[in-house]
Amino acid sequence: MSDTHAHSVAFVRTETLPQAAAPSNAAGPTKWMRDNLFATPANGLLTIAAIYLIYLVLASTLPWMLNGVWNAGSLAECREILQGTSGACFAVLTERWPQLMFGFKYPASEYWRPTLAFVLMFVALAPVLFFDLPRKLLIVTALFPFVAFWLIWGGTVWTPIFALLGVIVGYLVYDRFVAQSFAAGFFGGIAAAIVVWTISGYIVPALAPEQPWLEAVPSRDMGGYMLNMMLGITCVSLSIPLGIILALGRQSSMPLIKWICVIFIEFIRGVPLITLLFVASVMLAYFFPPDQTVDLFLRVVIMITMFSAAYIAEVIRGGLAALPKGQYEAADSLGLDYAQAMRLIILPQALKISIPGIVNIAVGLFKDTTLVSVISMFDIIGMIRGPILASQDWNGLYWELFLFACLVFFVVCYGISQYSQWLERRLATDHR
Amino acid sequence: MNKSVIFGALTIAGLAAGAAAAGTLDDVKARGKLNCGVTTGLAGFAAPDATGEWKGIDAAFCRAVAAAVLGDATAVEFVPTTGKTRFTALASGEIDVLARNTTWTLSRDVDLKFDFLGVNYYDGQGFMVPKALGVSSAKDLDGATVCVQTGTTTELNLADFFRANNISYEPVPIETNAEGAQQYLAGACDSYTTDASGLASTRATFENPGDHTLLPEIISKEPLGPLVRHGDNEWGDVVRWTLNALISAEELGVTSANVGEMSTGSTNPEIKRLLGTEGTLGEMLGLDADWAKRAIATQGNYGEIFARNIGEDTPVGLARGLNAQWTDGGLLYSPPFR
Numbered sequence: 306m307s308d309t310h311a312h313s314v315a316f317v318r319t320e321t322l323p324q325a326a327a328p329s330n331a332a333g334p335t336k337w338m339r340d341n342l343f344a345t346p347a348n349g350l351l352t353i354a355a356i357y358l359i360y361l362v363l364a365s366t367l368p369w370m371l372n373g374v375w376n377a378g379s380l381a382e383c384r385e386i387l388q389g390t391s392g393a394c395f396a397v398l399t400e401r402w403p404q405l406m407f408g409f410k411y412p413a414s415e416y417w418r419p420t421l422a423f424v425l426m427f428v429a430l431a432p433v434l435f436f437d438l439p440r441k442l443l444i445v446t447a448l449f450p451f452v453a454f455w456l457i458w459g460g461t462v463w464t465p466i467f468a469l470l471g472v473i474v475g476y477l478v479y480d481r482f483v484a485q486s487f488a489a490g491f492f493g494g495i496a497a498a499i500v501v502w503t504i505s506g507y508i509v510p511a512l513a514p515e516q517p518w519l520e521a522v523p524s525r526d527m528g529g530y531m532l533n534m535m536l537g538i539t540c541v542s543l544s545i546p547l548g549i550i551l552a553l554g555r556q557s558s559m560p561l562i563k564w565i566c567v568i569f570i571e572f573i574r575g576v577p578l579i580t581l582l583f584v585a586s587v588m589l590a591y592f593f594p595p596d597q598t599v600d601l602f603l604r605v606v607i608m609i610t611m612f613s614a615a616y617i618a619e620v621i622r623g624g625l626a627a628l629p630k631g632q633y634e635a636a637d638s639l640g641l642d643y644a645q646a647m648r649l650i651i652l653p654q655a656l657k658i659s660i661p662g663i664v665n666i667a668v669g670l671f672k673d674t675t676l677v678s679v680i681s682m683f684d685i686i687g688m689i690r691g692p693i694l695a696s697q698d699w700n701g702l703y704w705e706l707f708l709f710a711c712l713v714f715f716v717v718c719y720g721i722s723q724y725s726q727w728l729e730r731r732l733a734t735d736h737r
Numbered sequence: 053m054n055k056s057v058i059f060g061a062l063t064i065a066g067l068a069a070g071a072a073a074a075g076t077l078d079d080v081k082a083r084g085k086l087n088c089g090v091t092t093g094l095a096g097f098a099a100p101d102a103t104g105e106w107k108g109i110d111a112a113f114c115r116a117v118a119a120a121v122l123g124d125a126t127a128v129e130f131v132p133t134t135g136k137t138r139f140t141a142l143a144s145g146e147i148d149v150l151a152r153n154t155t156w157t158l159s160r161d162v163d164l165k166f167d168f169l170g171v172n173y174y175d176g177q178g179f180m181v182p183k184a185l186g187v188s189s190a191k192d193l194d195g196a197t198v199c200v201q202t203g204t205t206t207e208l209n210l211a212d213f214f215r216a217n218n219i220s221y222e223p224v225p226i227e228t229n230a231e232g233a234q235q236y237l238a239g240a241c242d243s244y245t246t247d248a249s250g251l252a253s254t255r256a257t258f259e260n261p262g263d264h265t266l267l268p269e270i271i272s273k274e275p276l277g278p279l280v281r282h283g284d285n286e287w288g289d290v291v292r293w294t295l296n297a298l299i300s301a302e303e304l305g306v307t308s309a310n311v312g313e314m315s316t317g318s319t320n321p322e323i324k325r326l327l328g329t330e331g332t333l334g335e336m337l338g339l340d341a342d343w344a345k346r347a348i349a350t351q352g353n354y355g356e357i358f359a360r361n362i363g364e365d366t367p368v369g370l371a372r373g374l375n376a377q378w379t380d381g382g383l384l385y386s387p388p389f390r
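Going down the list, the sequences are from chains A and B. Going by our numbering, the first residue of the first sequence is number 306, and it counts up by one from there. Going by our numbering, the first residue of the second sequence is number 53, and it counts up by one from there.
Take these hints with a grain of salt, some might be off.
Stated by the list, open to error - Straight-line Cα separation of at most 20 angstroms, EDC-like style, residue types lysine to aspartate or glutamate; simulated pairs:
#  : chain 1 : residue 1 : chain 2 : residue 2
1  : B       : 136       : B       : 207
2  : B       : 191       : B       : 222
3  : B       : 81        : B       : 289
4  : B       : 85        : A       : 520
5  : A       : 410       : B       : 101
6  : B       : 85        : A       : 526
7  : A       : 410       : B       : 105
8  : B       : 107       : A       : 400
9  : B       : 107       : A       : 526
10 : B       : 136       : A       : 673
11 : B       : 85        : A       : 600
12 : A       : 410       : B       : 129
13 : B       : 273       : B       : 161
What the hints assert, rightly or not - Pairwise CB distance ranges (calculated):
#  : chain 1 : residue 1 : chain 2 : residue 2 : range
14 : A       : 347       : B       : 261       : 49 to 59 angstroms
15 : A       : 376       : B       : 159       : 46 to 56 angstroms
16 : A       : 412       : B       : 239       : 41 to 51 angstroms
17 : B       : 202       : A       : 712       : 23 to 33 angstroms
18 : A       : 376       : B       : 83        : 38 to 48 angstroms
Bear in mind the hints are in silico, worked out from the structure with no lab data behind them. Even glycine gets a Cβ: it sits at the ideal position worked out from N, Cα and C.
Using the sequences and the hints given, assemble the complete structure.
As structure tokens, then:
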């Protein structure tokens, strides 16, 4: 039986063939190109058209960029160096670099202060953004606003110290009373902090030395990209908690709170940001005596924060509405009170759903900070459109300056969006 | 901490608002600093340079006022204002004087409750054309396309001019001066129209300024001058006569270089009165006797300020034209110091 079978075929290979390399058109770059670029004739045509288009763009911009002049004192000098050939005059960026970054009035000897605050910002943000880091780092985060304030504005060190003291006292009061009731702790804490701040308002001027360690710099002297970063960071970090409160308030069963929140949100969302900024810079000046106005930076921060908080509140409301009713009932059935249910069950889930929306608003807010150039604050766009383009050296340059502004904004906004995608993946606990 | 300041400010707001309305001169002296509203940046008129120092004829005027009132030409807080925020900044008391190439018109003077104190630059709307177009007069522009900023008086002046001369044109609306220059260079319009000083400074930034020419016609009056709040006449007088002092100094030949010897060595009684060696003009203004001397010594007379910032040797390159002294056929004419 076995014999017949053995002779029924003429040849039997006993060893396996060595593995051959794949044919050149079925692997490697060729296959990738055939699959992705030239899959069908129409696809191939589109690819060729796109490559031609890219060539056209690069052929006209690359020589201009590569031929750029980086060292010159004025546009006229640039043109002299270029001798009529096409080339960018990036020299404006090198010559006006401090102005683009810090504005034109921030004292040059103090540039290290905002730079140091900028570096510290990453240390402070790290534990908030990446929660795998040790929780002790959060102490740095808590101290950062006070340190950064002192570094950037300078003046007496007692101002941030007493501000910090108020926050600490407020927290201690909150911690003492929160066990009895969340509301008592919350409002008691705020009241205690305000008491400390009011008292220190009288103490600080008495303690302030004639010559503080760090020279005081008024808000009016802030400018450049520093101003955009300051506005962006402050407003985003203030408007997220405010937005959460507004979103919860809008869902509240207490009519007074509910209607205050609804009216606030709907009013702010119905008004363009630029009108709010005009109110901040122009109208409020009428209500204060000339020498006693609230700081312009503070006014702008309040307006932008209110604006973005109203939008964030609506995004979070979307997240709250997306949660199944069972989650609320589960929290109730565990015997949790309102504050606990929100903190432990509802908000963690609702905020996770809201991340893309919140990031969207944050990116938009950061770009909206350039609107302050309209109320004569010299952010990076204000610096470009005002002093730099009006100077007799650089009048007539547009592409180089605005491309630079695009670049610095792109870096930050792209970073934020990459982080949010990482965060969504990290928090993905559902099974897909 | 800052909160107490805010609350305190709120409570005394009513009292202080009444007090602030009277006596800007005293406020400025008490503060030790002049708050001067300027543009956010216009070459030759007011713009910060690479070191952050404000330069231009408006900035120099602010310094002259500070030198006259406070004795220190650097005691100026320059408050940049946009075309939209300038009037409210002045009306609300945020600034003491606005020197921001603002055109003196009846409605601004009367309806907005300001006082214009004179003219520090006589401007007017002009036309720029490429030399290759071969046009020598604006009346030859029949059928031309003209770039014009929308929503400005220039747009209305343009329409008036062409209708009055019974010729046709096609407007190309643009938003800003920068956009206008780009459109004009790209050939989107045959001619670009805006204030003559603006045309000159824009042309100075072109790669080949010699290929473009400004037509002789000036089709509107744009007297630019400093202004203060209505109703504070003591302060208005100080600012007005500082401007007049700079103009008179040029007429009388007093410069920043010779002001010292002129004040002692001159025999001309008007120079003596101007520089405070004779008479009590400074006292009448509520200032000391050397007020005008300090303003001239630190900033120079009107002619020097003009030559330094927008004159023919600067990139802006403006001729004196209407802004020459009346003795040279211009419009500058200061009332006598007597």
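Taking the hints in turn, this is what the structure says about them:
no.: 1; hint: B:136 <-> B:207; result: holds, 18 angstroms
no.: 2; hint: B:191 <-> B:222; result: holds, 14 angstroms
no.: 3; hint: B:81 <-> B:289; result: holds, 15 angstroms
no.: 4; hint: B:85 <-> A:520; result: holds, 19 angstroms
no.: 5; hint: A:410 <-> B:101; result: holds, 11 angstroms
no.: 6; hint: B:85 <-> A:526; result: holds, 16 angstroms
no.: 7; hint: A:410 <-> B:105; result: holds, 8 angstroms
no.: 8; hint: B:107 <-> A:400; result: holds, 18 angstroms
no.: 9; hint: B:107 <-> A:526; result: holds, 17 angstroms
no.: 10; hint: B:136 <-> A:673; result: holds, 19 angstroms
no.: 11; hint: B:85 <-> A:600; result: holds, 18 angstroms
no.: 12; hint: A:410 <-> B:129; result: holds, 11 angstroms
no.: 13; hint: B:273 <-> B:161; result: holds, 16 angstroms
no.: 14; hint: A:347 <-> B:261: 49 to 59 angstroms; result: holds, 52 angstroms
no.: 15; hint: A:376 <-> B:159: 46 to 56 angstroms; result: holds, 50 angstroms
no.: 16; hint: A:412 <-> B:239: 41 to 51 angstroms; result: holds, 46 angstroms
no.: 17; hint: B:202 <-> A:712: 23 to 33 angstroms; result: holds, 31 angstroms
no.: 18; hint: A:376 <-> B:83: 38 to 48 angstroms; result: holds, 43 angstroms
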